[in-house]
Amino acid sequence: MTAVKINNVVKTYGKKKEITALSDISFSVSKGELFGIIGPDGAGKTSLFRILTTLLLADNGNVTVDGFDVVKDYKAIRQRVGYMPGRFSLYQDLSVKENLNFFATIFNTSVEENYELIKDIYSQIEPFKDRKAGKLSGGMKQKLALSCALIHRPSVLFLDEPTTGVDAVSRKEFWEMLKRLKEQGITILVSTPYMDEASMCDRVALIQAGKILSINTPQGIVETFGKKLLAVKSTDMLRLLHDLKQCEEVQDAYPFGEYHHAVMRNDSKELLRSYLEQRGQSFELKEAEPNIEDCFMALMKTS
Amino acid sequence: MKQFFAFVKKEFYHIFRDRRTMIILLAMPVVQIIIFGFALTNEVKNSKIAIWDQSKDAATASLINQLEASRYFEVEQSIHTAKEIESIFQKGEIKLAMILPQHFDEDLRHFNKAQVQLIADASDPNVANTLTNYASAIIMDYQNRITHEKKLPYTITTEMRMLYNPELKGAYNFVPGVMAMVLLLVCTMMTAITIVREKETGTMEVMLVSPANPLRIVIAKAVPYFLLSMVNITTILLLSVFVLDVPVNGSLVLLVGESLLFTLVSLSLGLLISTKAGSQQTALFISLVGLLLPTVMLSGFMFPIENMPLPLRTVSNIVPARWYYSIVKSVMIKGIGLNAVWKETLILSGMLIFFLGLAIKNFKIRLA
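Residue numbers (the working numbering), protein chains in the order written: chain P, 1 to 303; chain V, 304 to 671.
Simulated from the structure, these hints should not be mistaken for lab results. One or more hints might be untrue.
[What the hints assert, rightly or not] Residues on chain P that point at chain V, a partial pick, calculated with CB under 8 Å: (1) 50; (2) 56; (3) 57; (4) 89; (5) 91.
Here a beta-carbon is modelled for each residue, glycine too, at the ideal position from N, C-alpha and C.
Let the sequences and hints guide you as you build the complete structure.
In structure tokens, the structure reads:
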């Protein structure tokens, strides 16, 4: 069963349509899937989410959510999806409880009716239920926003960059919450600029400058990398990067945490070692497992 | 319906929890009435006057006495040279000087003709005009007293009656004006800003992706402001009756009814602005420059519309406050009924339908 189906969606902004946010995007998401849309800021993630949640009209292409067309049947979609925008969009001057009750009422339900679904998340902020939403910490705000988006038991949940600006521990907790929600049969589309979060999804779409680079399982994406990847470290990292870029054997080199990653043309670790030794800098060289970020860099450069 | 009440309740939370909004909403009418009632008045009282009495005889003394006895003037100083006149006006405290030439009493008695010169600081023409009028009236009064003893062959006596406002109080004029201003600020500006704020903070985005009807959301936002306007109308009327002694001469029901109509016009203008403005600043700017300014300038409250040049008079026709101001003046001050203000009422109703229609037409069910 398909929960979300996107066909050839194009979205441009500006009077002369000079800014392209999405160019010819197509993919579909199955029911009950946890689907990640991963890409840097400005890749078109928010535009895509707004089209999916009936907030924006695409210039071209068609989109269905739960079998309903986002243009014709927008009312039906608004009844059944949950949406959490990238920015904290609850009422800051209302307390946690007031926010939740308000959202329950406008979705024609009550907190009690679906308490089971949000219990797991809401119980963590319940001790602060009389605190104003504006006075919550980033992680708590996000739990409240998720509770509000879930209060009517949506069939599809859209989360636009839910973990941006949230600390590492809360981010991890958040993804665990999403996994539990998935077990409840809710389809979840989540966007994020953090590549390391890709592994938490069932499938991911890598998106860059309005184009989809690849759609696969996180495992599948890593497997398509197909090149030798080496990690190098030295005391003068800037010079090292420069040296790496000049080496004929190295297809691409970029900083990666405390190392530089070098994508090799051939399986030639020793060639690089001798090249760097000639340069007369002490260094540490080891083999690296490619991850989503490496794949993203590679895909970005080939596309 | 439950949804609708949830929205209204939420909106009341917003208003009651924001001290600035509360102050604007509830204190503003009181402050405006008090400022206009006691501070900003163009009535002249105890104005300081300088006198150059070159004659110093019985007649001039009696005239000066009469001047001082009135509540309009207070003789501040006597001057003795022509130069002094210039210098006292330059100091700015004294706005009027009266010069009584030599042999005033003699001239009056022997030649039946004496002269008085009034010199006024006309940098504020209205004040200069009022002061010279008052002073001339007192001088005329003095003259009547001395001619009374002799019978003049032909005399015309003027009898004046100030209808509706016998004491010529400024309050009769500005209470209707303040009512128009307050309702416009509360309903139009506050409604527009509060709707645009939801767009700005992103809560509108979440609201739109919900089963709630978008139009009902914004109408629910207007309801608390409608109710608060009722409170404001009541406050203004109570203040004007009990503090400023401005009576409600006509039907209170009609007055309140017309105020409700104007409130609705203002609310629909607020909705219209909110559909166009992208940020709170824009909404504020449009409300202040586009609405409050014309309301103050072109409603007839500050400046009489009849004296305006034709283009401005034409523009004033599209200012809703102009019609409301005229209705309030007629009903409240003159005490006349609907049969006299049906035309204004009809125009306001037309404006309501037009603005509301335009607002609904421009209302967006999506973000862009």
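Taking each numbered hint in turn, which are not upheld by the structure, reported in ascending numerical order? Going through the list in order, the structure violates no hint and respects every one.
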